[in-house]
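Participant: Here is how the chains run, residue by residue.
Number of protein chains: 2
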Amino acid sequence: MKRFGQVIGIRKECLDEYRRIHVKLWPEIEAAIREAGIRNYSIFHFDTHQDGLLFASFEYHGPDTEFDARMARLAAAPRMREWWNLTEPMQIPLPGRNQGQWWLDLEEVFHLG
Amino acid sequence: MKRFGQVIGIRKECLDEYRRIHVKLWPEIEAAIREAGIRNYSIFHFDTHQDGLLFASFEYHGPDTEFDARMARLAAAPRMREWWNLTEPMQIPLPGRNQGQWWLDLEEVFHLG
Chain A
1 MKRFGQVIGI RKECLDEYRR IHVKLWPEIE AAIREAGIRN YSIFHFDTHQ DGLLFASFEY
61 HGPDTEFDAR MARLAAAPRM REWWNLTEPM QIPLPGRNQG QWWLDLEEVF HLG
Chain B
1 MKRFGQVIGI RKECLDEYRR IHVKLWPEIE AAIREAGIRN YSIFHFDTHQ DGLLFASFEY
61 HGPDTEFDAR MARLAAAPRM REWWNLTEPM QIPLPGRNQG QWWLDLEEVF HLG
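Going line by line, the protein sequences match chains A and B. For what it's worth, our numbering labels the leading residue of the first sequence as 1, then goes sequentially. For what it's worth, our numbering labels the leading residue of the second sequence as 1, then goes sequentially.
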């Protein structure tokens, strides 16, 4: 199992809508995330009183060797592009992220299981 | 079980030392955290190339009614004040946090188990 932490900006005026669409995720998206081996996925909002930040953390339960292929399959899942067309304009991607990444990966400096 | 997300600033010049002391937590601190019912505790670093941010997430496994008392016991645990004397000067607490809080609590806008 591998843990991930990620961050991205969120436009202040989009926060309510972002919250709303995440109350009940589209079933196709939820199924694809689970199928990829992602578990315990949380997104927190940091209210800076301007455009805020979203912090995400999740666990990947699957073989290291399958990670890239599973993420590619997740990206190609039914309705995923439609979902991203909804969420991407709400978000402000941050500098320093890896090629092809939308969220910025964070370094885990501490873990206690 | 209740999940928490929290954020605090970290002084750029203190990051290496913060990382170092978290590689192997003092046994008294680790024991006190576990005793409080805290599990799956991660701290991630968001490098802004100035003073950065630390994003923490953890789970509280225990009765709601015991939460405040357990956190008070955790705060009073052996060597906890000594630990905080080390970590607090490295950190930059953020506005908007609740009375008596050092880290700022975040709103969870999404969770998939």
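Source of the hints: derived by calculation from the structure; they are not laboratory data. Don't take each hint at face value.
One copy or any two copies: either way a pair holds, since identical chains are not told apart in the list.
EDC-like, lysine to aspartate or glutamate: derived pairs with alpha carbons at most 20 Å apart [to be verified]:
| hint | residue 1 | residue 2 |
| --- | --- | --- |
| 1 | Lys24 | Glu108 |
| 2 | Lys2 | Glu59 |
| 3 | Lys2 | Glu17 |
| 4 | Lys24 | Glu88 |
| 5 | Lys2 | Glu82 |
| 6 | Lys24 | Glu35 |
| 7 | Lys2 | Asp51 |
| 8 | Lys12 | Glu59 |
| 9 | Lys2 | Asp105 |
| 10 | Lys2 | Glu35 |
| 11 | Lys12 | Glu108 |
| 12 | Lys24 | Glu107 |
| 13 | Lys24 | Asp68 |
Participant: Does each hint hold? Answer for all of them.
Facilitator: Hint check results:
Taking identical chains as interchangeable, the C-alpha atoms of Lys24 and Glu108 lie at most 20 Å apart only when they sit on different chains, with a minimum of 14 Å there against 29 Å within one chain. In this homomeric assembly, Lys2 and Glu59 come within 20 Å of each other (Cα to Cα) both inside a single copy, at 6 Å, and across copies, at 17 Å. In this assembly of identical chains, Lys2 and Glu17 lie within 20 Å of each other by CA distance neither inside one copy nor across copies; the values are 30 Å within and 24 Å between. Within a single copy, Lys24 and Glu88 get their C-alpha atoms as close as 18 Å, which meets the 20 Å cut-off; across copies the closest is 39 Å, which misses it.
Within a single copy, Lys2 and Glu82 get their C-alpha atoms no closer than 28 Å, and across copies no closer than 32 Å, so neither meets the 20 Å cut-off. In this homomeric assembly, Lys24 and Glu35 come within 20 Å of each other (Cα to Cα) only inside a single copy, at 18 Å, whereas the closest approach across copies is 34 Å. When the C-alpha separation of Lys2 and Asp51 is checked against a cutoff of 20 Å, the pair qualifies neither within a copy, at 30 Å, nor between copies, at 27 Å. Taking the shortest Cα distances, Lys12 and Glu59 never come within 20 Å of each other, neither inside one copy (28 Å) nor across copies (28 Å).
In this assembly of identical chains, Lys2 and Asp105 lie within 20 Å of each other by CA distance solely inside one copy; the values are 13 Å within and 25 Å between copies. Within a single copy, Lys2 and Glu35 get their C-alpha atoms as close as 16 Å, which meets the 20 Å cut-off; across copies the closest is 25 Å, which misses it. Only between protomers do Lys12 and Glu108 lie at most 20 Å apart by alpha-carbon distance; the minimum there is 16 Å, versus 27 Å within a single protomer. For a Cα distance limit of 20 Å, the shortest separation of Lys24 from Glu107 across copies, 17 Å, qualifies, whereas the shortest one inside one copy, 29 Å, does not.
Proximity of Lys24 to Asp68 under the C-alpha cut-off of 20 Å is found in neither arrangement, the shortest distances being 27 Å within a copy and 31 Å between copies.
The structure does not agree with the numbered hints 3, 5, 7, 8 and 13 stated previously, though it agrees with the rest.
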